[in-house]
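If you read the sequences in order, they're chains A and B.
Here the numbering used here is used: the first residue of the first sequence is 6, the next is one more, and so on.
Here the numbering used here is used: the first residue of the second sequence is 6, the next is one more, and so on.
For the record, the hints were derived by calculation from the structure and aren't laboratory data.
Please note that the accuracy of each hint is not assured.
Same chains, same label: a pair holds when it works inside one copy or across any pair of copies.
Stated by the list, open to error - Once the Cα atoms are required to be at most 27 Å apart in a straight line, the calculated BS3-like pairs of lysine-lysine come out as:
#1 Lys439 <-> Lys27
#2 Lys282 <-> Lys271
#3 Lys27 <-> Lys80
#4 Lys396 <-> Lys409
#5 Lys243 <-> Lys282
#6 Lys223 <-> Lys27
#7 Lys243 <-> Lys223
#8 Lys282 <-> Lys80
#9 Lys74 <-> Lys282
#10 Lys293 <-> Lys389
#11 Lys293 <-> Lys409
#12 Lys243 <-> Lys74
#13 Lys223 <-> Lys80
As a plain string of letters, each chain reads:
Protein chains: 2
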Amino acid sequence: MTGLLTDLYQLTMAAGYFEAGKSGEIATFELFFRHLPRYRNFVLSAGLEQAVEYLTNLRFTDSEIHYLKSLPQFKRAAPEFFDFLRNLHFTGDLFSIPEGTPIFAGEPILTIRAPLIEAQIAETFLLATVGFQSLIATKAARMVEVAGGRAVVDFGTRRAHSPEAGVLAGRAAYIGGCSGTSNTETGFRYGIPVFGTAAHSWIQAFPTEHEAYQRLQKMLGDATVYLIDTYNTIEGAKLAASLGRPLWGVRLDSGNLVELSREVRKILDNAGLHDVKIMATSDLNEYKILEYAAAGVPIDVFGVGTDLATSTDSPNIGVVYKLVELNGRGTAKFSEDKHTLPGAKQVFRFAGHDTIACSWECLGCGPGEPEARALLRPVLVGGKLVDPLPKIDAARQYAAESIKRLPTATRSLFDTDQQYRVEHSPALMTLYEKVQDENGLLRHRHAD
Amino acid sequence: MTGLLTDLYQLTMAAGYFEAGKSGEIATFELFFRHLPRYRNFVLSAGLEQAVEYLTNLRFTDSEIHYLKSLPQFKRAAPEFFDFLRNLHFTGDLFSIPEGTPIFAGEPILTIRAPLIEAQIAETFLLATVGFQSLIATKAARMVEVAGGRAVVDFGTRRAHSPEAGVLAGRAAYIGGCSGTSNTETGFRYGIPVFGTAAHSWIQAFPTEHEAYQRLQKMLGDATVYLIDTYNTIEGAKLAASLGRPLWGVRLDSGNLVELSREVRKILDNAGLHDVKIMATSDLNEYKILEYAAAGVPIDVFGVGTDLATSTDSPNIGVVYKLVELNGRGTAKFSEDKHTLPGAKQVFRFAGHDTIACSWECLGCGPGEPEARALLRPVLVGGKLVDPLPKIDAARQYAAESIKRLPTATRSLFDTDQQYRVEHSPALMTLYEKVQDENGLLRHRHAD
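Given the sequences, and given the hints that come with them, work out the whole structure.
Next up, the structure:
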């Protein structure tokens with residue numbers, strides 16, 4: 006795990022902190038988003054496993070350090086700084102909301118409490134992996150939400166933002182409720198079900214469609230799925246029906262899926278193949294799935310590619326990572342349009358709303374309000390795992406149950422006026438005012 | 006380089022081809038996009054280096070093969086197939102349009118000619134790396150186009166679709182004309198200039214903004230850039246001016262960048278710091294840069310994050326990889342809305358238009374039309390590099406020159422009615438009709 010996979014300024018700041026004798030200071034950073042992404046009423050958190058993997062493997066190799074020494078930005082850095090980097094590993098604490106939790110603006114997804122330099126260097130990687138996986142888990146959840154019980158499978162790697170993004174998209178989509186992925190590496194690494202049929206090139210590689218189907222059936226047996234649109238979907242369905250069992254299903258990949266799926270269903274049923282599945286692919290997304298489901302189409306599985314792996318309608322999420330505490334002192338940023346709240350925080354989830362509070366507060370934990378739950382939990386303490394992370398199937402199950410508990414409006418595909426209620430505790434606001442006052446004094450001091 | 010980083014169906018098809026005795030057949034696949042991405046008049050090709058790296062390192066490890074054997078889709082596969090996979094490496098040919106070439110719908114970016122199984126397995130990775138990098142190179146080129154000579158730097162990793170996508174986005178953005186990236190790993194791997202300043206957390210980590218600036222200046226010397234908006238941009242600029250040299254620049258990250266940059270410029274100029282640069286960041290993209298440049302703002306460097314690394318307004322590109330020839334026979338797909346043209350092709354670029362032709366055609370190569378160039382060139386032959394790939398600086402230079410030669414309308418940020426003219430040679434269309442006829446016969450045959 007490379008230490009260089011970070012923004013250069015994290016490393017120049019590290020050198021500066023080292024020089025200023027601040028490398029032992031304990032910093033608390035929170036990772037959150039300021040606003041919900043466009044067209045989203047909630048975000049489903051994902052990416053914790055990769056965050057942990059990164060933090061526990063963060064290292065600098067000799068050749069990486071050699072590269073840094075060659076940069077103009079490090080020509081004044083002390084040799085001791087490079088020795089420090091050579092020995093650096095993550096010794097801090099990580100608190101996190103569990104993967105598969107629906108979250109809202111301002112809520113810390115991860116909180117890092119660690120020596121300043123360790124916490125600073127980690128920023129870039131943590132933002133990129135948690136932000137991206139949360140984006141895709143959310144997108145997947147939207148598709149599953151409206152699919153009417155039909156399976157949704159990730160087929161998006163080829164259109165993902167790099168092959169590795171495809172691997173992680175498959176993971177995140179599974180947490181969001183997909184039934185599996187076409188990415189074999191995702192299955193291998195994370196134990197997620199993998200699915201696959203055949204491409205048009207398979208059909209084209211044989212002299213006749215008939216031979217192509219027969220060969221596939223011989224090879225895949227009960228797992229056989231014919232892609233039936235290479236030449237003509239209806240003819241392809243008739244050919245599939247004539248070959249009979251073993252057969253798991255057929256896949257439609259072009260044309261009017263509503264009409265074609267109905268005709269194909271009839272062809273299969275007339276051949277007694279009532280249990281043979283119809284899978285549909287072809288530029289699908291949650292909006293089209295909603296229409297198909299509302300029309301009651303006889304499609305059993307939706308295979309979704311591009312729009313899932315890149316979250317086309319909302320392709321990024323404004324995650325940030327902000328210093329909220331240094332050596333126990335609350336700190337904040339007061340830029341015109343981008344202020345932050347000071348102090349390490351906890352998120353308490355009540356039956357129908359959240360409260361963001363100071364970390365030491367315990368809201369609703371009395372006997373009167375038994376439903377409040379503190380969402381952030383310790384994951385790493387002193388750089389070591391407190392407990393094994395939940396298995397990915399548990400995260401997926403937890404996500405499904407958590408989404409079910411959200412208000413109907415929050416689960417809508419479309420923007421809602423009834424935003425999920427997120428409050429700030431009075432103690433947190435008091436701390437904010439206190440830090441703001443101190444900061445006013447500080448600014449005055451250096452302006453003198 | 007893992008062989009599993011592919012869609013499962015590539016591997017089940019591989020097993021099927023092996024079973025059918027087709028593993029030695031020679032297939033030609035072309036990688037292209039059917040339609041320009043939304044809001045784009047051209048795409049800048051990028052990703053060839055990673056395609057070559059993948060093809061020359063493609064392997065299956067024992068544990069990967071063990072995993073495949075455990076899947077239901079492979080329970081009928083012959084043991085010899087797994088031995089075959091264990092020994093598999095890429096032995097074919099790769100032809101490619103050079104990185105940094107503006108390309109259009111239907112033009113092959115890469116052509117793979119290889120034993121069927123090798124070519125098939127490579128599909129997913131090639132699409133994901135070439136599609137993504139081309140998307141980002143294009144986005145970068147748009148920003149550079151309208152920046153009026155100001156530098157554009159990639160700061161996008163934190164919002165990229167995974168950390169690795171950030172590394173590759175930095176590479177692609179450089180080919181597209183960016184001056185460098187904040188991603189240190191990108192600099193390390195690809196020899197691209199890296200840039201960095203300091204974050205808000207740096208300012209907050211010291212008791213006063215004054216001390217934070219002084220420490221940075223001491224550390225960075227001539228490379229010093231102050232982030233001046235943590236508390237108040239104008240006060241920050243005055244503080245920077247009072248500290249004087251050494252100083253490379255200041256960075257604005259919030260508020261009205263037009264007004265603030267003008268005020269900050271005055272403050273710096275009044276202190277005699279005429280050569281000190283102003284860098285701006287804060288959710289920038291080509292549309293905002295166009296406005297700023299048109300207003301003649303005194304901003305010297307734009308640092309662009311989210312919208313560059315995720316190509317927000319057009320976050321994917323419909324790249325496909327289609328079988329066009331098998332054992333020398335042209336093949337095509339005739340699905341309703343997704344047909345392909347058969348046969349390996351060449352793209353000839355004339356002064357103001359392109360012609361897609363059969364690979365053996367030589368258009369405009371006579372003395373009468375000296376400006377025609379064949380864009381696809383051999384890169385790998387028999388799995389081996391023909392020539393070293395161009396250095397990335399050469400690709401960046403080639404991109405800049407190639408974009409300059411495009412018609413004005415094609416270089417516009419906005420959709421144009423005057424699409425770049427792409428023709429098909431008469432010989433190619435004759436081949437298409439021939440294959441269509443053959444296919445009609447074939448379909449008739451198996452419908453009997």
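Here's how the hints hold up against the structure:
{"no.": "1", "hint": "Lys439 <-> Lys27", "in the structure": "within (24 Å within a copy, 74 Å between copies)"}
{"no.": "2", "hint": "Lys282 <-> Lys271", "in the structure": "within (12 Å within a copy, 70 Å between copies)"}
{"no.": "3", "hint": "Lys27 <-> Lys80", "in the structure": "within (20 Å within a copy, 59 Å between copies)"}
{"no.": "4", "hint": "Lys396 <-> Lys409", "in the structure": "within (20 Å within a copy, 53 Å between copies)"}
{"no.": "5", "hint": "Lys243 <-> Lys282", "in the structure": "within (15 Å within a copy, 70 Å between copies)"}
{"no.": "6", "hint": "Lys223 <-> Lys27", "in the structure": "between (67 Å within a copy, 15 Å between copies)"}
{"no.": "7", "hint": "Lys243 <-> Lys223", "in the structure": "within (18 Å within a copy, 77 Å between copies)"}
{"no.": "8", "hint": "Lys282 <-> Lys80", "in the structure": "between (64 Å within a copy, 21 Å between copies)"}
{"no.": "9", "hint": "Lys74 <-> Lys282", "in the structure": "between (60 Å within a copy, 25 Å between copies)"}
{"no.": "10", "hint": "Lys293 <-> Lys389", "in the structure": "neither (45 Å within a copy, 45 Å between copies)"}
{"no.": "11", "hint": "Lys293 <-> Lys409", "in the structure": "within (22 Å within a copy, 40 Å between copies)"}
{"no.": "12", "hint": "Lys243 <-> Lys74", "in the structure": "neither (68 Å within a copy, 32 Å between copies)"}
{"no.": "13", "hint": "Lys223 <-> Lys80", "in the structure": "between (65 Å within a copy, 11 Å between copies)"}
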